[in-house]
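Each chain, written out:
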Amino acid sequence: MSVDIYKINPEFRDIMPQEIIDLEDNATWAGESVEKRGISDLTDKKEILEEHSLCAGCPEAAALRYILAALPLPEETIIVNSTGCTSLMFPHIALHTVHSMFGNQNAVASGIKRTLDWRFPDKTKDVVVLAGDGATIDIGLDYTLQSFFRQEKITTICFDNEVYANTGGQESGSTPKGQVFKMAPKGKVFDKVPMWELAVTSGCAYSVKLTASAPKKVAKVIREAIFIAREIGPTYIHLYTPCILEIGLAANEGLWEMKEQDKDRFADFKYVSPEAEEHLKKCKKEGLL
Amino acid sequence: MSIKNMTKEKNWSGQKLVSTDYLLFEAPREKHFMTGSEVLKEAIKRCTVDASVSYPITPQSEAAHLIGELWAEGYVGLYFRGENEFGVMSEVQGCAMAGARTVTTTSGPGTLRAMENFPTWSGTRIPCQLILMARGINSPLTIQPDNLEVSFLLETGCMIWYAENVQELFDMSIAAFTVAEKPDVHVPIITAVDGFFVSHTREAVMLPADDIALHPYDPYAAPLPPIDSEMPPGRFLRDPFVMKSNYISYATHASWQWEVRSAVDRSRPYAKHFLKGLVHITGDENAEVAFVACGTAAHQAKEAQRELTKLGVKSKVIKLRTIRPFPHEELLEAVQGVKYIFVPEFNVVGWLDKEVSTALYGKCDAKIIGRPRVAGGMSMPAEAILKEVFENTDLKQGA
Amino acid sequence: MAKDSIKIRMPALGGQGAVTAAHIAATAADTVGYYAVSNPFFGAEKRMAPSESYTRIGTVPIYDRGEVIYPDIVMIYHPQVITMGKSYTMPFYAGIKENGLVIINSEHDLLTDVDKEFLDSMNVKVLTRDFTKFAIDIAGTELATNMAMLGALFGALGVIDKPAIEEGIKDRFLKKYTASGGTATLDSVIEKKFKKKLDLIEKNLETASAAYDLTAEWAKEVGLEPMLESVSMVDGERVI
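Residue numbers (the working numbering), protein chains in the order written: chain A, 282 to 570; chain B, 35 to 433; chain C, 14 to 253.
One thing to keep in mind: the hints can contain errors.
The list that follows gives simulated cross-link-like pairs (lysine-lysine, DSS-like), each with its CA atoms no further than 30 Å apart [as the list claims (entries may be wrong)]:
| hint | chain 1 | residue 1 | chain 2 | residue 2 |
| --- | --- | --- | --- | --- |
| 1 | C | K208 | A | K463 |
| 2 | A | K469 | C | K188 |
| 3 | B | K306 | A | K404 |
These aren't lab readings, by the way, just hints derived from the structure by calculation. Predicted model, so just to flag it, every value in this text is computed and none were measured.
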């Protein structure tokens, strides 16, 4: 079916809002584009996201826009989300998305992916999980790791802002040691949980840690992760998207903060299993990367 | 095994596709002798089930692993063990949302561990089936049958049916898929049955041949589109509304909760047809004493009813097949002329007593006695029921 | 015409301090002997996204809780509440009672003819002024907009005086205050701007005071009748 399901019934075109018409006429869907879709589309093409109610300047919003622009096959991508700040953006995405409860996003995604593989054995359906550090590492750790143990063919993206932002700023497992947040008035007692390392030992074929400071870098990592998840095994992306509100920055300071962390806590980490490495070489040869 | 092997006439395992009416009412049957767990495998085998996710807990572990055998044998499309009951029910949600006919099982502590999922299931209108093999809840620990857990599920917005014995478990779990999947119903169904009393008890059962099966689930006849990128996204309920606007959220949440309960109500005519009545009455016509019960308690009441007849007391058993929707009309009609209504139950709180009392309040003159109640997994011999009858009425033995 | 209790709805944008304003208003009212309750809207707070808060003040115990659906007074803290519909009610004055009051922080008149006709029919008075300019001119920061709005509210009501407002402001900024992350962040931003906390208090008061005077003047001009019964304390007891 692919892109056809997003086409407007011609009888209703004249009363449709402009953004819906643009979605049909000016968005980059993989099936129809002559050129590969990517970050450069952000300047003049219709994005698959229409507004959002996150804080002005929120790095999560920027990161989501890069991710949506980078998906290799958006019309066949299903995104599973969990409670948290990220869920404020989800009602505004043009694709099939699911708001799981909290922490169980990888479990829901496992059910969806396996069922789609069963129902459509000849089609490519990408299932991507996008959740915050709380959902992925704390309340959902069990389900996140178990989906890796089971080798579920999904891509898990963690938007790490190192705090439970949506509930007013409590410490999370991903908060650095010593940082003062609510429920840690004397400073966090234990170290930041190295989820990107846990992903490797739990069975991910690909695990990356980075900030969202460079759009094209984020786009590359997304594509690699999704291609590997299709064939080899679960993939994990740990993305720093700071909460400017909780750490006291102005709307335009998020990018600066991410650039600082590129050199510090979020200096690059990348693990690619041998099979995944082979597969990436193959994808490059086929011009997919 | 692939879904590609399915044709218009046969499913992927080569079974001939038949209507639910044929499978339940017309296909010739043969006698077998098996436990409730084994009969569940037989039922699922004939239902063209796409997906099942399992986790062990006594007393449903056997049933759960037998469904796994069905997958290995090519009848169930996909199957795996989840990490715990909360995970399993979330995985079931994912499967059903993506368009699979899905079944799972759990008991007691497992049910409570998964609790958050059940209102999510009904709120997302997925027609999955949960076979609930009732077991007591901690603390203290008991693995034996006590159905207190059903009281926790009453307001989750799911349909709840209660099977009395091995035969009823077979027929109900097949009918359950059909009724749950009706486009004007389309809510989850919990088929409850007592652990050990049924799951581990071997008895005679009549089964149709296993080379026939239900037609597959059609997710595109659902009131909400499946999450599979084959239809425009109708994300309506999969969205967190509060993120758009408080007032939209309030209005949606309120009206949606009403809608889910209305959907359960709309299942009545279908349940009536496929279960051959929401209630089943046995015993004496002009009975002064009635037992209103479900599951094994109905069985025990039938023993008591027989004994009472020998003692010269007329009684009848009104077995409730469905708890949600609650059969108000049928119950009211059945208790006309009755002087004493006993509600025997396997739990301390008397959840069925409360349901019956609420349903009959102001409409029936009979005295309602919520006894006997046994708990912790104890059995309920007919003697215990008879004792209650003679202690709480003016009836005399050998009248 | 004065009522025994009034309900105030304050639609604003996240980061403007509407929640703080509602709190100070209630505290000020409480100080002079009124029963008062304040609460923010029930939702996630996000910068520049809709954020609403409510204050109820009365000479009788206030049992009403939750979001104010039928307000006597609506205070619009930012033009975008109207121009971009960043509001939980459409139109922004939905539910307003007869003889009510609307205060809008805006340089320009944002009402349509339809709006004006309806509000006139309900005898609702509307004050549109650039209160942010007050804040910038007097306190040097637009973050003091909420102080100006508070001043305007009390100037229009007339029954809660400037010393009470001072009490409310001191209570909020001098005592230990449990705030959510966003509010705490803005608190520290504000504190950095003033050498001493007392300077902050002084500037806030000046801002509120100027707005109070302007609005009291305006209320006289347009013939705004007293909306709330007056109250006073004698030996710690309320006297109505």
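Here is what the structure says about each hint:
no. : hint               : verdict
1   : K208/C with K463/A : holds (27 Å)
2   : K469/A with K188/C : holds (25 Å)
3   : K306/B with K404/A : violated (41 Å)
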